[in-house]
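Colleague: The whole structure should be built from the sequences, with the hints applied where relevant.
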Amino acid sequence: MPPKSNPALQKTITRSRSGSQSYNKPKVDKDKKETWQCETCKNEFSNESDKIITCEYCDECYCSKCLKLTPDQYEVFMNPALHWFCHNCENKVMKNIRTDREVEVRCTEFLQAMENRVKSLEAEMVNKVDRDTVKTIVKETLGEDTIDMTDFKESVSKQVTEIRESSIREKNIIIHGIKEIDDSDSSTRKQRDTNYVKELAEFIDTDSSGIKNVTRIGKRPTTDTEDLDGIPKPRPMKVVWSDTEAKRSFMKKLPNLKSVDEHSKFFGISIKHDMTKEEREMHKKKVLEAKEKNTKEKSGNFLHLVRGPPWAPRTVRVRKNT
252 MPPKSNPALQ KTITRSRSGS QSYNKPKVDK DKKETWQCET CKNEFSNESD KIITCEYCDE
312 CYCSKCLKLT PDQYEVFMNP ALHWFCHNCE NKVMKNIRTD REVEVRCTEF LQAMENRVKS
372 LEAEMVNKVD RDTVKTIVKE TLGEDTIDMT DFKESVSKQV TEIRESSIRE KNIIIHGIKE
432 IDDSDSSTRK QRDTNYVKEL AEFIDTDSSG IKNVTRIGKR PTTDTEDLDG IPKPRPMKVV
492 WSDTEAKRSF MKKLPNLKSV DEHSKFFGIS IKHDMTKEER EMHKKKVLEA KEKNTKEKSG
552 NFLHLVRGPP WAPRTVRVRK NT
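Residues in the sequence shown are numbered consecutively from 252, following our numbering.
It should be emphasised that the hints constitute simulated quantities derived from the structure, not laboratory data. For every residue, glycine included, the Cβ atom is placed at its ideal position computed from N, Cα and C. The hints are all genuine.
Here are the in silico distance ranges between beta carbons for each label pair:
1) Ser515 with Asn342: 38 to 46 Å
2) Glu295 with Lys509: 45 to 53 Å
3) Glu416 with Cys340: 17 to 25 Å
In silico EDC-like links for lysine to aspartate or glutamate, alpha-carbon gap of 20 Å or less:
4) Lys571 with Glu548
5) Lys503 with Asp458
6) Lys504 with Glu421
7) Lys430 with Asp512
Modeller: Printed below as a string of structure tokens:
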């Protein structure tokens, strides 16, 4: 365990993130010392002299012995500017860094090209017409919103941020209505939620092996979040899948929930894509659009529903089941 004199590294070891995928988080008991479990050898460490390193990506702990670090090499990690990732995460982290860099370069090149285009148009026309006419021509050529380069850059930056956030959420789903167990141990609660999702996948006849992580969103319910019956309202559950194909296979099987019995543990839950704020607003508009079309449906044999991915929802007309 790193000495307390190194707050940066100590923070790395003891921090706890809500989205962490680690099942070996520090175990806290009022009557016991805080312990860490090495992901490789599974040994537990609790002394200040123990040498433990935590991956900054997955939060898993590794002892210096399993990493084959000499005392001098371990001391290198005392440098707060040093970042370390385990062998399972290093390739993923580097891939994300390269992707972010590529997006940044492309956006910079695009913005520079647009700015050069505007300046070129102004330069070509400045000797032929007055300044106000130049602005009018540029607006007509590039559009009203692109004449102000500051606003244009902010708009592009906002879109890039939205795309990044959407891609991060692409493998996630949100489940509402799953009751929470009253247990002070977070690992027990997490395991119970994970088992629930696996049982749900089996119930709708799809593979559960693609479930990567299951977490609750927000703080644990209290008396302030009770419903009309005095029962604490359960927090939404976020399920992260290993890839988009695993998630897609699960979502395709959701119609099997229509036959669930009212006494089933799966009765009354709702499952949605993990959407950004902009995607939620777009989806809400499509839902209202579908409802309006349903009120105008004269035949009575069709329903208008919202279908498609979060970033491109659409209303479709389907025949009712007879």
